[in-house]
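Q: Following the hints, position chain B against chain A.
Here are the chains, one letter per residue:
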Amino acid sequence: AQKITQTQPGMFVQEKEAVTLDCTYDTSDPSYGLFWYKQPSSGEMIFLIYQGSYDQQNATEGRYSLNFQKARKSANLVISASQLGDSAMYFCAMKRRGSGAGSYQLTFGKGTKLSVIP
Amino acid sequence: DVKVTQSSRYLVKRTGEKVFLECVQDMDHENMFWYRQDPGLGLRLIYFSYDVKMKEKGDIPEGYSVSREKKERFSLILESASTNQTSMYLCASSIGAGYTFGSGTRLTVV
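Chains A and B supply the protein sequences, listed in that same order. Just add 24 to the spot in the first sequence (first one is 1) and you have my numbering. Just add 83 to the spot in the second sequence (first one is 1) and you have my numbering.
If we strip away everything but chain B, and leave its shape as in the complex, we get:
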């Protein structure tokens, strides 16, 4: 089975902290994605990457950056966490029409 692993299920951080959310996939997928999910808003794409070191902004990139130094790992970075970034963050990877999601990281910024 393809696995997408997010390093933390729950995370609590303070306002202004630099936060790293890690995602690792084990199936050599080219594409990786970061979404945030909020009630009533569905999943919104933050950033995605279609190759190592290649990244593209999604619909809501403000306040976030990403890093993809190796094919299997895609990191989401909150440079200075704010309370409005409290959310569920989902990572996904894909090849062709097959998308696989991680189990999510629920981030709370206090």
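Chain A on its own, in the form it takes in the complex:
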């Protein structure tokens, strides 16, 4: 079965330090996409970063980078120089094909709650 696993229910990091949030996935599709979303306490889902399975380089967006290791089926999120505003739930997700032509779905992990300590 295709699934996303986030093994860290909660994490703490000191302000200004870097932190890595783990994500492993399982799929038999040769083509897929991996996402990270942030969900602050307000509840909105904020897109952070995307990595396609055929992308040669790891994706980066400002302080966010995705450590993509295809052979190990992992897509860890690295946040550099943590800020207090980074405290939130973080979800890893995978885009995969559905059964209908042109059908795609987005499957999420259970999330990691990150708390940044001043």
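Don't read these hints as lab results, they were simulated from the structure. Just so it is clear, CB atoms sit at the ideal spot from N, CA and C, and this is done for glycine as well. A hint or two may mislead.
A few chain A residues facing chain B, derived, Cβ under 7 Å [as the list claims (entries may be wrong)]: (1) 57; (2) 67; (3) 68; (4) 69; (5) 74; (6) 129; (7) 132; (8) 133; (9) 135; (10) 137.
A: For chain B alone, coordinates are given in the frame of chain A:
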């Protein structure tokens, strides 16, 4: 900006009621999704639609149905609401790798 609008932020319904959750997007996206979010379980896909009148079951479709009569609108229907359907419901739309979420509807079934 792409907008995905969910008609209600909070909703309280009685057990056995028929409940409609509405979602509208304004960017002509092909794909639309309904998720429920519960603590410790993340977001779980209920149903999705990749075209008008086309729908596909997600991981937890039991107790739910959907309707997509127009491209911009995707409705989630609880035929007979039960207390175990108390949850946060999130709608999303997408084209390519771009997904946009609504702000959610917190449904309480009493």
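Q: Tell me if the interface restraint on residue 129 (chain A) is satisfied: Cβ within less than 7 Å of some Cβ in chain B.
A: Status holds, d = 5 Å.
Q: Under 7 Å, Cβ to Cβ, is where residue 135 (chain A) needs to be relative to chain B, so tell me if that hint holds or is violated.
A: holds, 5 Å
Q: When the nearest CB of chain B is found for residue 74 (chain A), is that gap smaller than 7 Å?
A: holds, 5 Å
Q: Let me know if the C-beta of residue 68 (chain A) comes in closer than 7 Å to any C-beta of chain B, holds or violated.
A: holds, 6 Å
Q: Using Cβ atoms only, decide whether residue 67 (chain A) comes closer than 7 Å to chain B, and label the hint accordingly.
A: Status holds, d = 5 Å.
Q: For the hint on residue 69 (chain A), does the least C-beta distance to chain B fall short of 7 Å?
A: holds, 4 Å
Q: Can you verify the interface hint for residue 137 (chain A): is its Cβ closer than 7 Å to any Cβ in chain B?
A: violated, 10 Å
Q: Against chain B, is residue 57 (chain A) within 7 Å by beta-carbon distance?
A: holds, 6 Å
Q: Just to be careful: measuring from the Cβ of residue 132 (chain A) to every Cβ in chain B, is the smallest value less than 7 Å?
A: With a minimum Cβ separation of about 4 Å from chain B (threshold 7 Å), the hint on residue 132 (chain A) holds.
Q: Mind checking the CB of residue 133 (chain A) against every CB in chain B and telling me if the closest is under 7 Å?
A: Where the cut-off is 7 Å and the nearest Cβ of chain B is about 6 Å from residue 133 (chain A), the hint holds.
In this structure, the one hint that does not hold is number 10.
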